[in-house]
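Asks: Please build the complex by placing chain L on the supplied structure of chain W, with the hints as guidance.
There are 2 protein chains.
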Amino acid sequence: MFKMQLDKLFKPKSMAVVGISKKNPLSPGRIVMLKNEFEMQVKVYGIYPNGGEIEGIQLYERLDKLPEIPDLLVIAVNPDDTLDYIQQCADLEIPSAVIIGGGFAEIGIKGKKRQDKLEKIAFDNDIAVLGPNCLGVYAPPLVDTIFLPTERITKPPKGSVALISQSGGVLVDQFFVKFKERNIGVSTAVSIGNRAVVDEVMLLEYFSKVDPETSNIAFYLEGFKEGRAREFLKFARESEDTVITFFGGKTREGKVATLSHTASLAGDYKIQYSALHQNHVIQPHSERELLTSLKVFDVLSHRKNPFGDNVVTYGDVVILSVSGGHGVIAADMLKTYGLNRVDFTKEEKAEMKELMNPVARDIASFNNPIDLTGSVLDTDIEDMIRYLSEIERIECIILLLLPYPPNISFQIGRRIANVVASKRKPVVCFVPYVSKYEMIIESLELAYIPVFHSIKEAVQGVSALKHRTRLDNVKKGNVFWEK
Amino acid sequence: MFKMQLDKLFKPKSMAVVGISKKNPLSPGRIVMLKNEFEMQVKVYGIYPNGGEIEGIQLYERLDKLPEIPDLLVIAVNPDDTLDYIQQCADLEIPSAVIIGGGFAEIGIKGKKRQDKLEKIAFDNDIAVLGPNCLGVYAPPLVDTIFLPTERITKPPKGSVALISQSGGVLVDQFFVKFKERNIGVSTAVSIGNRAVVDEVMLLEYFSKVDPETSNIAFYLEGFKEGRAREFLKFARESEDTVITFFGGKTREGKVATLSHTASLAGDYKIQYSALHQNHVIQPHSERELLTSLKVFDVLSHRKNPFGDNVVTYGDVVILSVSGGHGVIAADMLKTYGLNRVDFTKEEKAEMKELMNPVARDIASFNNPIDLTGSVLDTDIEDMIRYLSEIERIECIILLLLPYPPNISFQIGRRIANVVASKRKPVVCFVPYVSKYEMIIESLELAYIPVFHSIKEAVQGVSALKHRTRLDNVKKGNVFWEK
Chain W
1 MFKMQLDKLF KPKSMAVVGI SKKNPLSPGR IVMLKNEFEM QVKVYGIYPN GGEIEGIQLY
61 ERLDKLPEIP DLLVIAVNPD DTLDYIQQCA DLEIPSAVII GGGFAEIGIK GKKRQDKLEK
121 IAFDNDIAVL GPNCLGVYAP PLVDTIFLPT ERITKPPKGS VALISQSGGV LVDQFFVKFK
181 ERNIGVSTAV SIGNRAVVDE VMLLEYFSKV DPETSNIAFY LEGFKEGRAR EFLKFARESE
241 DTVITFFGGK TREGKVATLS HTASLAGDYK IQYSALHQNH VIQPHSEREL LTSLKVFDVL
301 SHRKNPFGDN VVTYGDVVIL SVSGGHGVIA ADMLKTYGLN RVDFTKEEKA EMKELMNPVA
361 RDIASFNNPI DLTGSVLDTD IEDMIRYLSE IERIECIILL LLPYPPNISF QIGRRIANVV
421 ASKRKPVVCF VPYVSKYEMI IESLELAYIP VFHSIKEAVQ GVSALKHRTR LDNVKKGNVF
481 WEK
Chain L
1 MFKMQLDKLF KPKSMAVVGI SKKNPLSPGR IVMLKNEFEM QVKVYGIYPN GGEIEGIQLY
61 ERLDKLPEIP DLLVIAVNPD DTLDYIQQCA DLEIPSAVII GGGFAEIGIK GKKRQDKLEK
121 IAFDNDIAVL GPNCLGVYAP PLVDTIFLPT ERITKPPKGS VALISQSGGV LVDQFFVKFK
181 ERNIGVSTAV SIGNRAVVDE VMLLEYFSKV DPETSNIAFY LEGFKEGRAR EFLKFARESE
241 DTVITFFGGK TREGKVATLS HTASLAGDYK IQYSALHQNH VIQPHSEREL LTSLKVFDVL
301 SHRKNPFGDN VVTYGDVVIL SVSGGHGVIA ADMLKTYGLN RVDFTKEEKA EMKELMNPVA
361 RDIASFNNPI DLTGSVLDTD IEDMIRYLSE IERIECIILL LLPYPPNISF QIGRRIANVV
421 ASKRKPVVCF VPYVSKYEMI IESLELAYIP VFHSIKEAVQ GVSALKHRTR LDNVKKGNVF
481 WEK
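Residue numbers (the numbering used here), protein chains in the order written: chain W, 1 to 483; chain L, 1 to 483.
This is chain W alone, in the form it adopts within the complex (with noise of 0.2 Å):
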C-alpha cells in the first residue's frame, strides 16, 4: 500500500491556500480560499507575508506559523516558489499539495528541469503531489480546489465515480456539465495535469483499495504516464470497482486519424485495447458511451439499485414506445449494440390487446417494438410494464416515453417506479429532455431508473447492464455460456 497518504490529498480536515492575492479578488487562490471556506467542510487557512485578514477570514503570515499542521496545501504561485513551498512541505510534513500554476514539465527544458526537483522533494518525503498545471480536487462535500468561481461552473451530484481527467478544462467543461445533465454522480473528481507525482497508477489503487464511496474509476487521459502501463493493468485486474479507461484529445483522435497511415500505430492502439480489455477495463467507443456506462453503473452501485438481481445477461429486450416511428429507431440499433428482440407468441399479443384502453386497444401494434400510440392513457402504459415484468425470457424493458400524448399525466413516472419497485424487471428509458418534463423525468431518476434523453443513449445503456453484468461473471470466475 501507499507510503503518500492520499487521503489526506482527497479528504482533508484542513488546508492551507498560498497565491491569495488582496487586490485581485480573482486571483486563483483567494477564490480557492473564499470557496471552501463558504462553501465547503474543510478547515482553511490563507497565507498571506503580511499578514491581515480578507472577506473576515484570518491570514497567517507563513506555513510554520499555522496553529497546525495543514493535511494539505494548494499552491497557486510562480513556479519558482512553488519549488519552496514543497519543500516547506517537507520540512513541515504537510502531507499532501495541490499545485495549480504551470512553468513546469509543460513548457520545456527549464520547467522539466523544475519539475524534477519537485518529484524528487515530494517522493524523498512522501507528500502527496497533485499537479502542476492542474485544477485539483473536488470531493464534495470535504474541499473544492478549482480556481474557477463555483457560480460560473456545474457540478455534478454526488455519487459513486471516481473520475480522473487528464485535462482540468475538459473536466470542468465536458464532464461536469455532462454528469449534472445526466445525473450521474462523482465520489471525488481529479484533474492530475503534469501528474509529476500522483499519477494515474497511484489513484486507481486509491480508489480501489481506499475510498468506500467510490465504486466506479473513470480515467479521461491521452496515454498513460511513460512506463506506468503494466501497473495500472495489474491494479485494473485486481479491482473490485469497474474500471473504465477513455483516450480523448489528442492522442486518441491522432490514432484514429493514422490508423489508415502508419501500421505501427495502429497496432499499438490494438495492443492497448486487447491489454486493458483482458484486465477487465471497460473501454468505451466514444464520449457519449462512457457517460451512458457510467450513469448505468453509478445507479447500479447504489444501495437502493432497482433492479436487485435481475441482470441483462444475454441483452434480450422488448421494446415499448408510444410512437411507431421511434420504436422502428430504437429497434434498428439493437443489433450494433449487442441486444436482441424477445418475440411474442399470439397468447401473448392477445393478453396484452385486453390490457389496453378500448381506443388505443385497435389502433396500437403488439410485435416488439410495441407501438401502444398517442392514444394510450397512464394505465396502459403501467399495465404493460407489469405485464412484459412477468415474462422471463424478457431481460429489460426499453422504454420510450414521448408525454405528448394529451392523455398521460404528470403521474407516469410515479406509476412506472411502482411498477419497476415490485417486479424489479430492468427498466430503462427515454424521455426527451424537455423543461417541462422535468416532474416526470425526475420521479423516475428519484427510484433510480435510468432516464436518458436520446433513444440511442437508451439502447446503448442497456448494452452497458449487459456488458456489466459479463465483466461481474468474469471476475468471479463464473463460467459463462452462449446460448
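FYI, nobody ran anything at the bench for these hints, they're computed from the structure. Nothing here was measured: the structure is a model prediction, and the numbers come from that model. Just to be clear, a hint being listed does not mean it is correct.
What the hints assert, rightly or not - Quick list of the computed label-pair ranges, beta carbon to beta carbon: (1) L:Glu181 / W:Ala229: 38 to 48 Å; (2) W:Lys110 / L:Lys346: 14 to 24 Å; (3) L:Glu226 / W:Arg288: 30 to 40 Å; (4) L:Lys110 / W:Gln278: 50 to 60 Å; (5) L:Pro149 / W:His453: 19 to 29 Å; (6) W:Asp7 / L:His453: 36 to 46 Å; (7) W:Gln278 / L:Glu226: 42 to 52 Å; (8) L:Leu446 / W:Lys476: 52 to 62 Å; (9) L:Gly477 / W:Phe410: 39 to 49 Å.
We put the beta carbon where it would ideally sit given N, CA and C, even for glycine.
Replies: Same frame as chain W, now just chain L:
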C-alpha cells in the same frame, strides 16, 4: 407547375375541422380546432352533426352549411368516413385536406384499397391531400394541424427551413426539440404520413418554386416514394434552394447494418448517394450533422447574414480558445471535416502577444489553436478577433468560448457581435449550454453568429459553411480550383 394548390394547404385563409368530440376534450379534431382558433391566424370552422358550440365556437352541421368554402379541411374521423369527406372536398371544391387518421395502406390490403380510392378522388379533382396517417402541417403563424396540445410539445422558431418528415413522431420529438435547442427556424414543417397524394417531389417543387419564405428544404425520409426518385433529382438540380436529405429509421439503419453482408444493398445505397450528390443534394452523415448544416444554412439565408460576402472556400481556420484542452480537441477534428489550420508568422505571434493583458500575455499560446488561458479578459478576446479578422488567409474563426474564467463578463457576446458586425469575418462559436450563460448565447444569436453547444458541432458548422460555398459555386457554374 401544379394543378394542385399546395399554397391552400400551407397558407390557408380558412379551414374546417371534422372529427370533433363534444364529450372528449382531448379528441384530435377538437384539439386541432381549438389550437387554431386560439393560437393561429387561420379562420377556423368546426363541423358537428348536431351543430351547437364548444368553448364559444359555433359548430356547423355539414360542410355545405359553412358560410364559405374553406381552403383546407382537416379530417380526424374513421377511414371510411374520411373517404366520404374527401368526396365532399371534390363536390364543394375544397382545394386541400389533411388526413390525420390511419386505416389506409399501412394496415394491409383492406387499407390499400381505401387508399387507392382516396388517391383517385384526389388526383381526379386536384385536391392537395396530406396523409393519411400524419400530423399534417405546422406553418406559423397561420396554421397548425398537429393534434398534440401545444403546451405538451416544443415548437421551433420561425425561419428559412422547410422541414418534411415521413414520421410525425420524429418530426415533433426529435426535430422540433432539437431545432428549438439550436435556434433553427422553420418556414413550414410537414408530416407526410403515407404520402398517398402530396409526396416529397411535390413538396420539393412547391417549396423551391412557390414559397418565398423557404430557402432550405430538408427531408427526413425512410426512402423515396416508389417511382419518384428521378423526379426528385430533377427538381433538386433545378432548385435555387439548398436541398438536404437524411434517410433515417429502418431503411438507413438497415442499409448500414447490411453493408457488410449484402453487396447489392450496399450498391443501392451508394448509387442513391451519388445520384443525390450529383444533383446538388446535401447528405449529412448523421442526424447531428443534419442539424448543424441546417443551423448554418438558416443563418446564411437570413437577410442579416452576418458574414456578408465572406465565404469559407478552402476551410482555412484558426481556433481561438481559453482552454488548451478544448483547443486540442477541436484541432484534432479539423482534418476529418476537411478543414485546415492556418499557420502564423513570428511577427503575427508577437503582435498577438502584444494585444493581450500583461498577466495572460506570458502564459497564453499563440500557435493555432490559440489558447488565451483562464487569465483572459473580455477585451483580449475582442482584440484578438479584430486582429484575426484582418488576416486574409484566415477564412473562419472557430471560437471556443468557455465563460468560466473569472474575468469574462456577460458583455462578451455583445462585444464579439460588434466586432463581427464590423469585420464580417465568419465566426462560429462553441459555448457550453448552461442556462446561466444564456445571455451570452443570446447576444451572439441575435447577431446571427452561429453558436453550437458541442465542439464537434462547431467544427461541423464550419465544414457546412465550406460545403455551402462549393455548392453555390457549382450551381453558378463557376470553375473551381483547389489551391
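Asks: Please go over all the hints and tell whether each is borne out by the structure.
Replies: Hints and how they fare:
no., hint, result
1, L:Glu181 / W:Ala229: 38 to 48 Å, "holds (40 Å)"
2, W:Lys110 / L:Lys346: 14 to 24 Å, "holds (20 Å)"
3, L:Glu226 / W:Arg288: 30 to 40 Å, "holds (36 Å)"
4, L:Lys110 / W:Gln278: 50 to 60 Å, "holds (58 Å)"
5, L:Pro149 / W:His453: 19 to 29 Å, "holds (21 Å)"
6, W:Asp7 / L:His453: 36 to 46 Å, "holds (38 Å)"
7, W:Gln278 / L:Glu226: 42 to 52 Å, "holds (51 Å)"
8, L:Leu446 / W:Lys476: 52 to 62 Å, "holds (58 Å)"
9, L:Gly477 / W:Phe410: 39 to 49 Å, "violated (58 Å)"
The structure shown violates just one earlier hint, number 9.
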